[in-house]
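Residue numbers (our numbering), protein chains in the order written: chain A, 109 to 551; chain B, 12 to 300; chain C, 21 to 302.
In short, the hints are calculated from the structure, not lab data.
Fair warning: this is a prediction, and the values are worked out from it, not measured in the lab.
Positions of the beta carbon are idealized from the N, C-alpha and C atoms, including for glycine.
Please note: incorrect hints may appear among the correct ones.
[Stated by the list, open to error] In the DSS-like style, the derived pairs of lysine-lysine whose C-alpha atoms are separated by at most 25 Å in a straight line are: (1) B:Lys-147 with A:Lys-537; (2) A:Lys-298 with B:Lys-147; (3) A:Lys-294 with A:Lys-268; (4) A:Lys-521 with A:Lys-361; (5) A:Lys-361 with A:Lys-298; (6) B:Lys-64 with C:Lys-247; (7) B:Lys-17 with C:Lys-78; (8) A:Lys-537 with A:Lys-286; (9) A:Lys-170 with A:Lys-429; (10) C:Lys-78 with B:Lys-147; (11) B:Lys-17 with A:Lys-537; (12) A:Lys-214 with B:Lys-48; (13) C:Lys-187 with B:Lys-17; (14) A:Lys-298 with A:Lys-268; (15) A:Lys-429 with C:Lys-154; (16) C:Lys-154 with C:Lys-78; (17) A:Lys-537 with A:Lys-214; (18) C:Lys-217 with B:Lys-17; (19) A:Lys-429 with C:Lys-187.
[What the hints assert, rightly or not] If the Cβ cut is set under 10 Å, some of the chain A residues that face chain C in the computed set are: (20) Lys-158; (21) Asn-162; (22) Thr-178; (23) Gly-179; (24) Ala-191.
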Amino acid sequence: MFAKQKFIAAALSGALLASGALLPSVASAQEDIKFYFPTSVQGRLALIMKEVVNEYNSSQDKVHVTAVYTGSYAETGIKASAAMEAGNPPAVAMVGANNVLDFVQKNQIEPIAGFLAEDGSTATQFLADFWPGVHANAMVNGDLYAVPFQNSTPILFYNKEAFAEAGLDPEVPPANWKELIEMGQKLVKKDGDQVVRYGLEFPQQVGYGNWILQGFVMANGGQYYNTEYPGEVYYDSPATRGALQFYDDLAHKYGIMPDTVTPSSQVATDFFSGRAAMMVSSTGGLGNVRDNAQFDYGVAFVPGNVRNAVPVGGASMVIFKGQSDAQRAAAWDFVSWITSAEQLGAWSRVSGYFAPRISSYDLPEMQAFLEEHPDAGVAVDQLKYTRPWYATFNYLAVAQPMGDALQMVVSGKATASDAARRAQEEADKILAPFNNSVGYPVE
Amino acid sequence: MKSELKAWVYLAPALFFLVMFTYYPMLQVLWDSFFFKAYGQESAQFVWFDNYKRLFADPAFSQAVRNNLIYALGTVFPSLAVGFFLALALMKSTKFRNFARAVFFFPTLVPLIAAAALWIFVYFPNVGLLDYYLGKLGFGPTQWLGDSNIALYSLMLLAIWKNAGFYMLFYISGLQGIGEEYYEAAELEGATWFQRLRYITLPLLGPTTAFVFIIALIHVFTYVDHVVMMTHGGPIGSTNLVLYYIFQNAHEFNDAAKATASTVVSVGVLLAISFLSIRTMERGIHYES
Amino acid sequence: MSTNASRKRSLPAMLLFFIIIGSVTVIWSGPFLWMIIASFKPQTFGGLDMASLAPNFKPTLDNYRMALMSAEFGTLYINTIIVTFGTLSVQLVTVVLAAYAFARLEFRFKTLIFYMFLMQLMIVPPILIVPNLKTIVSIGLDDTLVAVMAPYFASAFGIFLMRQTFKSIPRDFEDAAVIDGCNWFQVLRYVLLPLAKPALVAFSIVSIVAHWNEFLWPLMVIDSPDKMTLTVGLASFTRAAEGAADWGLIAAGTMIVMFPLIVAFVLFQRQFVSSFMFSGIK
Chain A
109 MFAKQKFIAA ALSGALLASG ALLPSVASAQ EDIKFYFPTS VQGRLALIMK EVVNEYNSSQ
169 DKVHVTAVYT GSYAETGIKA SAAMEAGNPP AVAMVGANNV LDFVQKNQIE PIAGFLAEDG
229 STATQFLADF WPGVHANAMV NGDLYAVPFQ NSTPILFYNK EAFAEAGLDP EVPPANWKEL
289 IEMGQKLVKK DGDQVVRYGL EFPQQVGYGN WILQGFVMAN GGQYYNTEYP GEVYYDSPAT
349 RGALQFYDDL AHKYGIMPDT VTPSSQVATD FFSGRAAMMV SSTGGLGNVR DNAQFDYGVA
409 FVPGNVRNAV PVGGASMVIF KGQSDAQRAA AWDFVSWITS AEQLGAWSRV SGYFAPRISS
469 YDLPEMQAFL EEHPDAGVAV DQLKYTRPWY ATFNYLAVAQ PMGDALQMVV SGKATASDAA
529 RRAQEEADKI LAPFNNSVGY PVE
Chain B
12 MKSELKAWVY LAPALFFLVM FTYYPMLQVL WDSFFFKAYG QESAQFVWFD NYKRLFADPA
72 FSQAVRNNLI YALGTVFPSL AVGFFLALAL MKSTKFRNFA RAVFFFPTLV PLIAAAALWI
132 FVYFPNVGLL DYYLGKLGFG PTQWLGDSNI ALYSLMLLAI WKNAGFYMLF YISGLQGIGE
192 EYYEAAELEG ATWFQRLRYI TLPLLGPTTA FVFIIALIHV FTYVDHVVMM THGGPIGSTN
252 LVLYYIFQNA HEFNDAAKAT ASTVVSVGVL LAISFLSIRT MERGIHYES
Chain C
21 MSTNASRKRS LPAMLLFFII IGSVTVIWSG PFLWMIIASF KPQTFGGLDM ASLAPNFKPT
81 LDNYRMALMS AEFGTLYINT IIVTFGTLSV QLVTVVLAAY AFARLEFRFK TLIFYMFLMQ
141 LMIVPPILIV PNLKTIVSIG LDDTLVAVMA PYFASAFGIF LMRQTFKSIP RDFEDAAVID
201 GCNWFQVLRY VLLPLAKPAL VAFSIVSIVA HWNEFLWPLM VIDSPDKMTL TVGLASFTRA
261 AEGAADWGLI AAGTMIVMFP LIVAFVLFQR QFVSSFMFSG IK
């Protein structure tokens with residue numbers, strides 16, 4: 109259990125240290141570098157990150173890192189990229205794992221191989237200690253460009269008390285879509301016409317919702333996008349249409365989930381207040397659930413259909429071009445430190461994200477933690493089913509039509525096949541200029 | 012002739028910035044809207060009207076235009092009406108009325124982004140301020156921002172709350188400018204409350220209404236902070252407004268071509284409205300001075 | 021009209037009036053009441069029971085402590101003050117000079133140029149974010165506070181307002197000053213500006229409020245977090261806290277951003293109200 113008092117005390121001391129760092133420093137050989145970082149699911153992770161960076165700063169005297177909180181994954185990507193264009197990039201940034209491709213395309217980040225060579229290592233050797241599921245998003249055209257830092261997958265949280273109340277076995281969560289529907293229907297509770305408890309909720313805002321949908325599409329046997337080439341998405345494929353049909357049925361045929369768009373903040377609140385018996389959400393929110401759920405909850409794999417499959421999410425460290433040699437070295441020193449097995453393990457324990465390094469789980473602290481929190485173990489066990497997060501050219505634009513499509517289906521504004529067809533048409537239009545060698549849209 | 016030179020010297024600074032940040036960009040964006048620069052390519056190609064074709068073929072753009080019209084109608088008239096009736100009620104200065112005026116006016120002063128931050132909670136389903144107190148009155152929860160049929164109206168309500176107090180001020184000063192003698196005369200004639208409203212107050216407030224109307228119109232086309240904060244244009248694009256569409260294409264979607272073309276279209280619409288409203292404003296100015 | 025009408029209101033009508041206006045006032049202030057109460061409220065699990073306006077809890081400063089730690093409000097404040105007052109000082113110069121020219125001098129194309137300015141009342145800078153960003157980048161000003169201010173340096177509204185004000189001041193005053201040997205600057209400084217003070221104050225307040233509150237343009241033009249303004253900082257702060265349903269934190273952050281406005285408004289309410297009114301009648 110992450111004690112709030114302790115956290116506040118630690119954060120306070122961190123803030124004191126940070127304010128000390130603001131004072132004009134005496135001239136020294138210290139290399140000052142900037143580090144941009146986002147938070148995705150929990151804002152207070154920003155405070156803990158500053159504390160971690162302070163720990164690094166006081167652990168040695170060669171490098172001083174200024175940690176700058178830059179908002180969401182999308183905002184951080186936009187800001188870091190714009191800062192690079194303006195000639196003032198941060199040395200290091202933590203960016204959404206599927207954002208790496210975009211930076212490589214704009215020729216803004218350093219390949220990691222160069223740093224590894226200086227340490228007498230290679231990308232293959234380096235990646236051997238990382239879970240296979242996180243490799244793809246860190247690589248572009250076979251070269252490593254990012255070091256995975258925090259990773260997550262969608263996971264199923266369920267309220268054991270609600271299960272018991274509905275006459276279900278609290279130790280047996282749904283394992284597939286069929287069971288999800290059966291149990292979901294039993295879990296719905298009504299007061300007259302008013303639903304007071306839904307069977308299931310999951311985030312549906314553009315971005316987060318696309319990520320969850322990708323999981324359902326892959327569980328339905330599909331690909332969602334071309335993992336080999338970032339100019340193609342499979343929005344109008346049988347598996348995608350099937351996943352959207354499943355949404356439609358959950359919302360309208362069975363009434364298991366609301367027929368309006370639920371953003372992640374509402375999903376979490378509804379789960380905590382008992383208004384949603386199950387939620388599919390990021391493992392990055394595990395810490396939040398641990399702190400806030402006032403009831404017995406369980407954690408399970410996201411139910412599969414033809415197979416179990418979840419996309420990996422999270423963020424990775426990248427190093428920007430345009431640095432002096434000293435800054436480059438400082439940046440790599442910091443990245444190496446913060447992505448060490450110990451640091452990744454510690455970050456995993458406070459946040460709920462899983463540690464991308466396999467050796468983090470061999471550490472005694474980590475094993476003790478897993479024993480105490482079996483829910484974190486479920487997230488790790490699910491890793492064998494992970495696949496890369498969709499990454500395409502101009503992915504924010506490409507995500508929008510599918511985000512709209514899933515919302516249309518949930519709101520009953522379009523059938524699954526209509527929505528899928530429209531999303532595909534729009535995405536194709538957006539991708540056309542990238543795919544067309546003339547660099548000019550096809551009519 | 013000396014006056015002529017002097018005038019230009021005095022005008023120069025303001026004129027410089029006016030040209031630099033209003034007229035030059037208008038021409039610049041018009042010129043740019045005929046070019047298309049592919050991702051990763053160095054130079055842009057002249058493509059005639061292709062960007063406009065792409066823009067008008069984009070369902071998200073037509074939706075944003077439609078939304079903006081609904082938003083304009085549903086925000087401008089109600090907030091003017093609310094402002095007017097508040098002004099009628101609070102025109103006379105008493106302690107209570109001054110306090111009430113302050114309450115209605117205060118939302119005008121706060122940043123729209125801060126108001127939006129608060130209203131995220133106001134609109135939060137079940138546990139939010141609105142649902143919590145509506146629940147006490149026996150109403151069920153509503154997806155104020157999650158239901159694509161409702162979300163735009165929720166943003167309108169926020170805009171009315173934010174701006175009505177501003178318009179109220181203009182109406183109060185307008186009302187205070189109407190001479191007592193009109194009402195005294197009307198009273199002698201035995202006019203009813205409604206007749207006085209209809210035949211004296213409203214006509215004499217014409218210039219005020221025209222002025223406030225224009226300010227309100229500017230508001231609905233140039234403030235989308237709440238969209239950025241609360242809905243990102245969703246769900247299903249139901250709260251996407253034209254300026255947000257421009258922002259999204261320029262800032263997030265790497266589609267400068269669509270952003271420039273839609274800027275040209277909005278500038279065109281605003282120019283048309285200003286040509287019409289300058290007449291009104293001129294009339295307003297003559298009334299006042 | 022209500023001055024007349026109210027004289028004759030009967031007691032029940034008055035009562036009804038106060039009940040209606042009173043309850044509308046309470047509803048209107050709801051979001052602010054909630055902000056103040058929630059900002060001192062201990063965080064309940066998952067943000068439940070945050071809506072109650074009943075002060076049935078022990079007030080805490082935890083939300084403020086957390087808010088101050090999660091965002092660099094000090095930097096945000098300094099940047100916002102620089103932007104707000106920097107914009108205003110340049111505006112005052114450009115506006116007064118231009119308004120003087122329009123009010124007092126004759127020159128060619130006067131009407132045309134006046135209309136060119138008037139047009140800017142509608143074609144306001146936010147609409148032109150795309151080309152303006154291009155201009156700013158091309159002159160190398162992107163990611164600077166000057167870039168946030170520059171598009172507002174010429175204010176059509178200010179010129180319009182000051183021109184009306186100058187026109188309403190009889191020329192005799194200036195003529196007398198000129199006869200006394202004053203040059204144009206002295207005339208402006210000692211005759212026109214003092215007489216136009218209410219309008220200047222009104223314009224300043226309106227300008228300060230507008231630029232304190234500006235969001236979209238600084239969001240576009242600023243990339244470095246250490247150059248962000250309060251509104252931009254509040255937006256990313258709020259989105260992060262919303263993810264964890266940390267409503268008390270959002271309330272405290274919003275309160276921190278609005279605090280100077282609340283204080284200024286309480287202290288100078290009359291001034292604020294009359295400034296905004298003044299800006300309307302002219």
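Comparing the hints with the structure gives:
1. B:Lys-147 with A:Lys-537: 49 Å, violated
2. A:Lys-298 with B:Lys-147: 18 Å, holds
3. A:Lys-294 with A:Lys-268: Satisfied, since the Cα-Cα distance of roughly 13 Å is no more than 25 Å.
4. A:Lys-521 with A:Lys-361: Answer holds: Lys-521 (chain A) to Lys-361 (chain A) is near 14 Å, not above 25 Å.
5. A:Lys-361 with A:Lys-298: Holds, at about 16 Å.
6. B:Lys-64 with C:Lys-247: Violated - the C-alpha atoms of Lys-247 (chain C) and Lys-64 (chain B) are around 38 Å apart, more than 25 Å.
7. B:Lys-17 with C:Lys-78: 66 Å, violated
8. A:Lys-537 with A:Lys-286: 36 Å, violated
9. A:Lys-170 with A:Lys-429: 21 Å, holds
10. C:Lys-78 with B:Lys-147: 24 Å, holds
11. B:Lys-17 with A:Lys-537: 56 Å, violated
12. A:Lys-214 with B:Lys-48: With a Cα-Cα distance of about 15 Å, the restraint between Lys-214 (chain A) and Lys-48 (chain B) holds, given a limit of 25 Å.
13. C:Lys-187 with B:Lys-17: OK: Lys-187 (chain C) and Lys-17 (chain B) at ~18 Å, within 25 Å.
14. A:Lys-298 with A:Lys-268: Holds, at about 19 Å.
15. A:Lys-429 with C:Lys-154: The given pair, whose Cα atoms are some 24 Å apart, holds under the 25 Å limit.
16. C:Lys-154 with C:Lys-78: 52 Å, violated
17. A:Lys-537 with A:Lys-214: 21 Å, holds
18. C:Lys-217 with B:Lys-17: 24 Å, holds
19. A:Lys-429 with C:Lys-187: Distance of about 59 Å is beyond 25 Å: violated.
20. Lys-158: 8 Å, holds
21. Asn-162: 12 Å, violated
22. Thr-178: 6 Å, holds
23. Gly-179: This hint holds: Gly-179 (chain A) lies near chain C, its Cβ roughly 4 Å from the closest one there, short of 10 Å.
24. Ala-191: 4 Å, holds
Checked against the numbered hints given earlier, the structure breaks hints 1, 6, 7, 8, 11, 16, 19 and 21 and satisfies all the rest.
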